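Colleague: Each residue of the sequence shown is one higher than the last, beginning at 1 in full-length UniProt numbering.
Don't read these hints as lab results, they were simulated from the structure.
Be a bit skeptical, because a hint or two may be false.
Okay, derived cross-link-like pairs now, PhoX-like style, lysine-lysine, Cα gap no bigger than 25 Å in a straight line [said to hold, decoys possible]:
no. : residue 1 : residue 2
1   : LYS213    : LYS361
2   : LYS352    : LYS399
3   : LYS30     : LYS399
4   : LYS387    : LYS459
5   : LYS238    : LYS311
6   : LYS303    : LYS338
7   : LYS238    : LYS459
Everything numeric in this text was worked out from a predicted model, so none of it was measured.
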Amino acid sequence: MTDTDHKTHYDLFINGKWTKASTTTFTEIKSPANGNVLAQVANGAKNDVERAVAAANAAFPAWSRKTAEARADALYAFKALIERDAERLARIISSEMGKPLKEAKVEVGFASGLLRFAAENTRRLEGDIVPGSRPGEKILLEKIPHGVIGGISAWNFPLALFIRKVAPALAAGNTIVIKPHELAPLAALEATRLAEEAGIPAGVLNVVTGDGKDVGTPLVENPDIKLITMTGSTATGKKIMAAAANTLKEVRLELGGKAPFIVMEDADLEKAAEAAVLARFTNAGQVCTSNERTYVHAAIYDKFSALVRKKIDALKVGNPLDPSTDMGPKVSLQELEKVHAMVEKAVSQGAKLETGGHRLKGNEYNNGFFYAPTLLTNVRENMDIVKDEVFGPVMLLTKVADYDDALRQANDCRYGLSAYVFTNDLKRIMRISSDLNFGEVYVNREGGEAPQGFHHGYKDSGLGGEDGKYGLEAYVQTKTIYLNA
């Protein structure tokens, strides 16, 4: 038995039924912590995507005509089952992608919060009535669903990112075909079982597993898909946007990040150091909002460096299912080797390796993809590692002369997702909106979005955004009706 409990082979979920894929191949899902096979997952293909889209199209009229309360009730039932099975889902997340169990539990809680927000707001997708240009005329601006949504979710939050797309799509009256990431699809598949148990009608939620070439591309190119929502890398996002152009569908992309973490001389250093380490090493740094560049005022640089070094050295790296583990493995060998190459390049360019910088081996590490928590100091703005997303457990410390220097270096980046600022100077804080070019900023706290917020980035970090009322509005379009008697 594995942590998936039900069975070790998963088919596709199309039109309310678990359905054999048109191919006979499957992907083995292995634990990145020990290499154990957790499950076998069917590999879908283009005709499976077409079947799923056809089912979603057929289900759309009835689902979209349900009352907002009826859709909310279905989402509340789904939420209750997620909460009922929270412990099991957390163990699946930890097993399939290596996230520590305590972090996986937080992810399940966030997924539940996303469902709650979507359910609470089905009745808040409001239009307008404005005066017409003719006597007695009313102009109605009505919010209506798009139709069939295509979703593509990432591996680093396998449950939350799945729910982040499903919940608002269904709340707004759309149906959806979604592809979980092939590295970690199990939590999404188990959540699909719960959606089925919750009574979500056949065809409203369809899940097709497989890789980007065989499933993702046909999903993006399908003319019956009205909107594509994707979380993943910037390179993949740009390909999706290009592929979607042929059918002129809307695209929402949540892509990479290179978050700056600014610490000024008046900051609470203990609080800032704790937050900097959390924002960098949570989920082994595999978070788009991770602290990727730490800018520290020269006056407190040495003290801050010592503080974070102490905290990094205290991190317990190991079995993600152990409740005491602080950091698990990287999700794959390819990801580990990418991070290590970036660290070696940075050292060759003049960065100083303070701790870490190698793959962990011996005992429990031998069969997993564990990388030592790493601290690089003497990092300068012209280094490659400052420009490219690391997406791993590597903290970079750069000394800055003042706040203006920190802002300049922070903004000198092709990404614009998240940023962090630690200062108690209100004048500095008031400059954040105009002077820091990022979609979301955390002031005097670690990261972590809220379901009622708006998670979005600028530049190469994506288009559109997710969560909150602004994220929900992406799942509707406006119809204008000139109403005359």
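Colleague: All the hints need checking, so say for each whether the structure fits it.
Modeller: Hint by hint, here is what the structure shows:
1. LYS213 <-> LYS361: violated (34 Å)
2. LYS352 <-> LYS399: holds (13 Å)
3. LYS30 <-> LYS399: violated (41 Å)
4. LYS387 <-> LYS459: Answer holds: LYS387 to LYS459 is near 14 Å, not above 25 Å.
5. LYS238 <-> LYS311: violated (38 Å)
6. LYS303 <-> LYS338: violated (31 Å)
7. LYS238 <-> LYS459: holds (12 Å)
The structure shown violates the earlier hints numbered 1, 3, 5 and 6.
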